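Protein chains: 2
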Amino acid sequence: MIRLYDYLPSGNGYKVRLLLTQLRIPFERIELDITEGRTRTPEFLRKFPNGRIPAIELDDGRTLFESDAIMTYLAEGTRFLPADRFERAQVLQWMFFEQYSHEPYIAVARFFAMHPDFPDERRAGLPRIMKLGYDALGVMESHLASREWFVGNNYSIADIALYAYTHVADEGGFDLANYPAIRGWLDRVRAQPLHIPITQA
Amino acid sequence: MIRLYDYLPSGNGYKVRLLLTQLRIPFERIELDITEGRTRTPEFLRKFPNGRIPAIELDDGRTLFESDAIMTYLAEGTRFLPADRFERAQVLQWMFFEQYSHEPYIAVARFFAMHPDFPDERRAGLPRIMKLGYDALGVMESHLASREWFVGNNYSIADIALYAYTHVADEGGFDLANYPAIRGWLDRVRAQPLHIPITQA
Chain A
32 MIRLYDYLPS GNGYKVRLLL TQLRIPFERI ELDITEGRTR TPEFLRKFPN
82 GRIPAIELDD GRTLFESDAI MTYLAEGTRF LPADRFERAQ VLQWMFFEQY
132 SHEPYIAVAR FFAMHPDFPD ERRAGLPRIM KLGYDALGVM ESHLASREWF
182 VGNNYSIADI ALYAYTHVAD EGGFDLANYP AIRGWLDRVR AQPLHIPITQ
232 A
Chain B
32 MIRLYDYLPS GNGYKVRLLL TQLRIPFERI ELDITEGRTR TPEFLRKFPN
82 GRIPAIELDD GRTLFESDAI MTYLAEGTRF LPADRFERAQ VLQWMFFEQY
132 SHEPYIAVAR FFAMHPDFPD ERRAGLPRIM KLGYDALGVM ESHLASREWF
182 VGNNYSIADI ALYAYTHVAD EGGFDLANYP AIRGWLDRVR AQPLHIPITQ
232 A
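Chains as they are written, first to last, in the working numbering: chain A, 32 to 232; chain B, 32 to 232.
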């Protein structure tokens, strides 16, 4: 059975949890509290040198890290990843956008709000973080204004990648009132078969 | 002919330039100075809503952004992207690592050094940026200690992605003296057929 190294509040972990559930793939979840350094132990680093969750371990011992790489691996050949070459590239485009221009702001603002006493010198830059988070939401809003899903006409791992932290952006202080296209898309993602909330282990 | 929207000093742009050259795919390069806001014009944003280079435009008008998504698209079916499903996921794993844990530190430190007068409030966090840049180099060094290439036994777009800013890390103040495995790998990348330097348009 696939082992998923995870941390329940993590949107990155949630992406993999949600996809595994929607693919009906059984998995064993190993909870590691990142705020207590559980992903920086010598034992974890031997398997996963970048010291981050989510990470998976297959039955034969092979390992993989980076949420979006794991999702691409799991989704291969399923309805969650298009077969068309250009659409596959568009899925990756939005997943790289998420990791570079969205997560570092929207997820980080949420982390600060959830852990007000956790020392992190980036906290001084919160106004810039909020501004860039809203910039990312603006890119999403304009893209979704004329589309149901991020790529093509179907729900894909690009939607899961962007849903993970967008649907809890309010926990980081982001107000989605002026983002109606995003709110409609969040509802469509939530209505997909076998959807689970981020709080479900 | 493929149009590449680019900025010569950009390592992200260089990835695509280098791969197109090594694939012998002709392209037209359009230089846009990011320090003068050339990627934030209404015309550019209409095509590329995230306002960043590199970005490509195909003959039929289809567009794609995010350097690593563009590389995956171009490399499909070539020796630069493995056919094996797990190895493909490993290529993506290292490309996501590069964009999340490497580029925001190693590329940003170089940008600050190249543009000492460019206003950027992240500059106050330079010690943290350098520390996290060295952390990324440490992950690379341990991975390369027993391997010639990042994935499998061949040069791939994972190597191009990580080469782009690592080979100019010294321009951001990083010292690779204690990273012999990285230095050997940089030499192997440079020795690949049809290699071009980052300064070549």
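In short, the hints are calculated from the structure, not lab data.
Please read all numbers here as calculations on a predicted model, not as lab measurements.
One thing to keep in mind: the hints can contain errors.
[To be verified] In silico EDC-like cross-links for lysine to aspartate or glutamate, where the CA-CA straight-line distance does not exceed 16 Å:
| # | chain 1 | residue 1 | chain 2 | residue 2 |
| --- | --- | --- | --- | --- |
| 1 | A | Lys78 | A | Glu88 |
| 2 | B | Lys162 | A | Asp90 |
| 3 | B | Lys78 | B | Asp91 |
| 4 | A | Lys78 | A | Asp91 |
| 5 | B | Lys162 | B | Asp201 |
| 6 | B | Lys78 | B | Asp90 |
| 7 | A | Lys162 | B | Asp151 |
| 8 | B | Lys162 | A | Asp91 |
| 9 | A | Lys162 | A | Asp148 |
| 10 | A | Lys162 | B | Glu152 |
| 11 | B | Lys162 | B | Asp90 |
[Said to hold, decoys possible] So the derived label-pair ranges between C-beta atoms look like this:
| # | chain 1 | residue 1 | chain 2 | residue 2 | range |
| --- | --- | --- | --- | --- | --- |
| 12 | B | Gly108 | A | Arg55 | 26 to 32 Å |
| 13 | B | Ile227 | A | Arg159 | 42 to 48 Å |
| 14 | A | Pro158 | B | Pro73 | 54 to 60 Å |
| 15 | A | Arg55 | B | Ala155 | 44 to 50 Å |
| 16 | A | His146 | B | Pro147 | 33 to 39 Å |
| 17 | A | Gln231 | B | Gly108 | 45 to 51 Å |
| 18 | A | Ser173 | B | Gly68 | 16 to 22 Å |
| 19 | B | Ala155 | A | Gly108 | 44 to 50 Å |
| 20 | A | Ser173 | B | Leu225 | 24 to 30 Å |
[Claimed, not checked] Examples of chain B residues lying across from chain A (beta carbon under 7 Å, computed):
| # | residue |
| --- | --- |
| 21 | Pro80 |
| 22 | Pro113 |
| 23 | Asp115 |
| 24 | Arg116 |
| 25 | Phe128 |
| 26 | Gln130 |
Ideal Cβ placement from N, Cα and C applies to all residues, glycine included.
Enumerated hints in conflict with the structure, sorted upward | 2, 8, 9, 11, 13, 14, 17, 20, 22, 23
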